[in-house]
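Trainee: Now that you have both chains on their own, put them together as the hints suggest.
Chain residues, written in single-letter form:
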Amino acid sequence: MLSIRDLHAQIGVRKILKGVNLEVKPGEVHAIMGPNGSGKSTLASVLAGRAGYEVTKGTAHYLGDDLLALEPEERARRGVFLAFQYPVEIPGVNNAYLLKAALNAVRKQRGLPDLDAFEFLALIKDKMKLMQMDESFLSRGVNEGFSGGEKKRNEILQMSVLEPTLALLDETDSGLDIDALRVVATGVNSLRSPERAIVMVTHYQRLLDYIEPDFVHVLSDGRILRTGDKSLALELEKRGYDWVKQEASAA
Amino acid sequence: MGDKCGAHTFPYMEIRNPSAVVEHEATTSKIADDQLFYCRSRGVSEEDAVNMIVNGFCKVVFKELPMEFAVEAQNLLAVSLEGSVG
Numbered sequence: 331m332l333s334i335r336d337l338h339a340q341i342g343v344r345k346i347l348k349g350v351n352l353e354v355k356p357g358e359v360h361a362i363m364g365p366n367g368s369g370k371s372t373l374a375s376v377l378a379g380r381a382g383y384e385v386t387k388g389t390a391h392y393l394g395d396d397l398l399a400l401e402p403e404e405r406a407r408r409g410v411f412l413a414f415q416y417p418v419e420i421p422g423v424n425n426a427y428l429l430k431a432a433l434n435a436v437r438k439q440r441g442l443p444d445l446d447a448f449e450f451l452a453l454i455k456d457k458m459k460l461m462q463m464d465e466s467f468l469s470r471g472v473n474e475g476f477s478g479g480e481k482k483r484n485e486i487l488q489m490s491v492l493e494p495t496l497a498l499l500d501e502t503d504s505g506l507d508i509d510a511l512r513v514v515a516t517g518v519n520s521l522r523s524p525e526r527a528i529v530m531v532t533h534y535q536r537l538l539d540y541i542e543p544d545f546v547h548v549l550s551d552g553r554i555l556r557t558g559d560k561s562l563a564l565e566l567e568k569r570g571y572d573w574v575k576q577e578a579s580a581a
Numbered sequence: 232m233g234d235k236c237g238a239h240t241f242p243y244m245e246i247r248n249p250s251a252v253v254e255h256e257a258t259t260s261k262i263a264d265d266q267l268f269y270c271r272s273r274g275v276s277e278e279d280a281v282n283m284i285v286n287g288f289c290k291v292v293f294k295e296l297p298m299e300f301a302v303e304a305q306n307l308l309a310v311s312l313e314g315s316v317g
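Protein chains in written order, with the working numbering: chain A, 331 to 581; chain B, 232 to 317.
It is worth saying that the hints were derived from the structure and are not from the lab.
Computed Cβ-Cβ distance ranges for the label pairs, DEER-style: (1) B/D279 <-> A/I341: 26 to 34 Å; (2) A/G357 <-> B/N306: 49 to 57 Å; (3) A/K560 <-> B/G237: 54 to 62 Å; (4) A/N351 <-> B/N306: 53 to 61 Å; (5) A/I341 <-> B/V252: 24 to 32 Å; (6) B/V252 <-> A/L442: 44 to 52 Å; (7) B/L308 <-> A/D559: 50 to 58 Å; (8) A/R440 <-> B/E278: 17 to 25 Å; (9) A/G475 <-> B/Q305: 18 to 26 Å; (10) A/S523 <-> B/V252: 46 to 54 Å; (11) A/D507 <-> B/M298: 41 to 49 Å.
Using 16 Å as the maximum straight-line C-alpha spacing, the simulated EDC-like pairs for lysine to aspartate or glutamate come out as follows: (12) A/K481 <-> A/D507; (13) A/K560 <-> A/D544; (14) B/K290 <-> A/E419; (15) A/K355 <-> A/E525; (16) A/K481 <-> A/E465; (17) B/K290 <-> A/E474.
Heads up, the beta-carbon is just placed ideally off N, CA and C, and yes, glycines get one too.
This is chain B alone, in the form it adopts within the complex (with noise of 0.2 Å):
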């Protein structure tokens, strides 16, 4: 596509109920922050270790999946995530 797009994420929740708790994904990106750093302190280079920490992730969601779901997902994962955490 070229090197002068990008996909931006603006996070954003409207909520109508009083007794809800909800929390933004910038929750979890301090813990990946933490998790990436274990791995990389161990030898791990970034993006194998984004590679490892995202596919763990997805793998313990895959695995509530039906099963025809879950290898559309296990494609898509595949793709490449280089770069897109940050």
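Okay, chain A solo, but in the shape it has when bound (with noise of 0.2 Å):
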């Protein structure tokens, strides 16, 4: 579904991205695990469109189409989903206003009529039940106003109505507490599926708890440098990173 070959990005003169290889398929769950300033976030970004990355070599395809040569919200409209490490406020434009502009592209795309107001606020009520949102949210501005943890609770709130084939989570789980967690992840658990892959960036081993991957990869200096399962997570709380660094360096 996906496939990072070599791929190469920088931000003005600061390479980043240094050669990062990924193969996604369906189904699958991949946490990307790093050092700070690793590149987990930047390449959530370069998948995702964001402007000020340059990529300088290297592909990225999506559903055999060249990722990288899309617009962001035609990337969107196609399935891929970003969920932010930090999501934006925009004052005065409603949150239901924009997920329903947002859904009905989506849906436009895989050729569905668009949802009416009384449809669309059937089904948001109902996911917002299972992020336990309360429902003065529709009337607010976008993450206007919102806690850290409902930031993350509406990212989670889009991702879940959007049903995107694939879904980045940047540091999802960063500034949640326990029980924050567990509602995100409640919320991500539940779109798992065998036609949908997530790879989730994240600097803890706690999330990967509650939702389990099927492979854990560990970014450092702008490469790939491991790949294992889950128990490589739990290596890596007790261990560190520095010795994936000093096996790297010496193989």
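Mentor: Here is the structure:
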């Protein structure tokens, strides 16, 4: 579904990704871990199409298409979803309004008719229950005045409404208390399916207790140094990242 | 008006108060970039996103205006904003 080959990317003159290779198949859950500044968030941003990153080498194909050639909205309509590390506030723009526009854009691409206000409301209220969100959320501005935890929950709510094919979660667990983490994990787990893939960027093993990955990758200095299963995350928790770097440089 | 004209703004501020804190709109426009990407990453086209963000921003301001200004401002806003952000 997603095939990344030798991807190099930089911001200005600063090289961040230095040859990332990653193969993601439908139904798989991948966790990307790594020290601060290793390029985890950059990878997620480049895949979603955020401006300011220059891809200098390599490719990323999604369902056979050149992902990097598509505009961000085009990627979204084809089923790529990025849950932001820092979701932005958009004052005066209603949460439900943006989400309805987003859902209808995705539905159009899938050849489905627009949902009207009633159908949409029924759908979103159902999903909000799952994310334990208050109904007042519907009348508020996009992320306006939300706490850190509410913003992250909102990201997962949007994801569960848009039902993406490829979900990229950028440090969705950071800044969450245990209860909020559980709610977010429930939301993500409810989306696991044989035709959907999830790539999670995270610092902490804790998230992986709740959302069990099929693969764990260690990204360090812009390259994936090691790939393993869930046990690799546990080992990282115990031993840190240095040994991975040492073994990689010795090899 | 034709395709050979354009509107350009040259921000310039003269401040004669040593304790004033003044910023150019560049800070707001950076926020707008993030907001724009957020909307686009949800599948909303760039033009629709610009309309949405500007309308939202203005709605917050319009709430503070007296009725007669608010109506006029709303009409002004309805003028197309196509290609006006960059």
